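So the sequence lines, in the order shown, correspond to chains A and B.
To convert, take the position in the first sequence, counting from 1, and add 48; that gives this note's numbering.
To convert, take the position in the second sequence, counting from 1, and add 223; that gives this note's numbering.
It should be emphasised that the hints constitute simulated quantities derived from the structure, not laboratory data.
Heads up, some of the hints might be wrong.
Unchecked claim - Here are the simulated lysine-lysine pairs, DSSO-like style, with alpha carbons at most 30 Å apart:
1) Lys118(A) to Lys74(A)
2) Lys104(A) to Lys267(B)
3) Lys294(B) to Lys250(B)
4) Lys267(B) to Lys74(A)
5) Lys118(A) to Lys267(B)
6) Lys74(A) to Lys104(A)
7) Lys117(A) to Lys74(A)
8) Lys74(A) to Lys285(B)
9) Lys294(B) to Lys274(B)
10) Lys250(B) to Lys267(B)
11) Lys274(B) to Lys285(B)
12) Lys274(B) to Lys250(B)
13) Lys104(A) to Lys250(B)
14) Lys117(A) to Lys267(B)
15) Lys104(A) to Lys117(A)
Everything numeric in this text was worked out from a predicted model, so none of it was measured.
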Amino acid sequence: SQQGEEDPQALSIQEGENATMNCSYKTSINNLQWYRQNSGRGLVHLILIRSNEREKHSGRLRVTLDTSKKSSSLLITASRAADTASYFCATYGSGSRLTFGEGTQLTVNP
Amino acid sequence: NAGVMQNPRHLVRRRGQEARLRCSPMKGHSHVYWYRQLPEEGLKFMVYLQKENIIDESGMPKERFSAEFPKEGPSILRIQQVVRGDSAAYFCASSGGGASYNEQFFGPGTRLTVL
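Using the sequences and the accompanying hints, generate a full structural model.
Right, dumping it as structure tokens:
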């Protein structure tokens, strides 16, 4: 398995429900970031959480980080059809590269 | 303040031709990163450059791929003698460098199709 693995691979929910996506990684990190990618488009940075932080909020987004378990979760509350996209976690460790997971495809049905 | 610019957005090449992808970082950013995304996969790091220097090219294929970031002008990712397996989306990101927690800002990508 690879650094930055998302779970589940695909998630389908109804509008108004909450969506939770998980990410696991293997090596030590400085921070972990979540990105969104609409089909055929570029990446949009959603939120960054540092290794000394446990939880962070931004609007309808809530990210948690558990460095002891090397895992993070992204919660989108009160989902909307416009939230339909692929969501990637990316870890930032030694060096300057971001290591991305394979992504979770979220579908929010109206 | 324009974001990261990439051109072309779509590029079609026949096998054996050369592909040149351009990336202009955000204003004030001197660090550029190239990533490749195969269909249905996440992004994979290719190369990290600063002005006139390649810092980390550990993700670059050993042959046919090269990258540069000259003192003036955009960063160029060059793929020689393209093959069908090179078909992918290529994303450029830039950052202001410095501490390792700096955020990378991504461009819209160049989608390369090799016929």
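Against the structure, the hints come out as follows:
1. Restraint check: the Cα-Cα separation between Lys118(A) and Lys74(A) comes to about 7 Å, which is no more than 30 Å; the hinted pair holds.
2. For the proposed pair Lys104(A) and Lys267(B), the alpha carbon gap of about 26 Å is at most 30 Å, so the pair holds.
3. As the CA atoms of Lys294(B) and Lys250(B) are separated by approximately 14 Å, the hinted pair is consistent with the 30 Å bound.
4. The hinted pair formed by Lys267(B) and Lys74(A) meets the criterion: a straight-line CA distance of about 16 Å does not exceed 30 Å.
5. At roughly 20 Å between alpha-carbon atoms, Lys118(A) and Lys267(B) fall within 30 Å of each other, so this suggested pair holds.
6. Taking the CA atoms of Lys74(A) and Lys104(A), the gap is about 21 Å. The hint holds against a cut of 30 Å.
7. For the suggested pair Lys117(A) and Lys74(A), the alpha carbons sit about 9 Å apart, so the restraint of at most 30 Å is met.
8. Note on Lys74(A) and Lys285(B): the hinted pairing holds, with a Cα-Cα distance of about 26 Å set against a maximum of 30 Å.
9. A distance of roughly 6 Å separates the Cα atoms of Lys294(B) and Lys274(B); the hinted pair therefore holds under the 30 Å criterion.
10. Between Lys250(B) and Lys267(B), the direct Cα distance comes to roughly 25 Å. Compliance with the 30 Å bound is thereby established for this hinted pair.
11. A C-alpha spacing of about 22 Å is found between Lys274(B) and Lys285(B), which places the hinted pair at or below 30 Å, so the restraint holds.
12. For the proposed pair Lys274(B) and Lys250(B), the alpha carbon gap of about 13 Å is at most 30 Å, so the pair holds.
13. Proximity of Lys104(A) to Lys250(B) is assessed by CA-CA distance (about 28 Å); at most 30 Å being required, the pair is judged to hold.
14. A hinted pair counts as satisfied when its Cα atoms are at most 30 Å apart, and Lys117(A) with Lys267(B) qualifies at roughly 24 Å.
15. Restraint check: the Cα-Cα separation between Lys104(A) and Lys117(A) comes to about 17 Å, which is no more than 30 Å; the hinted pair holds.
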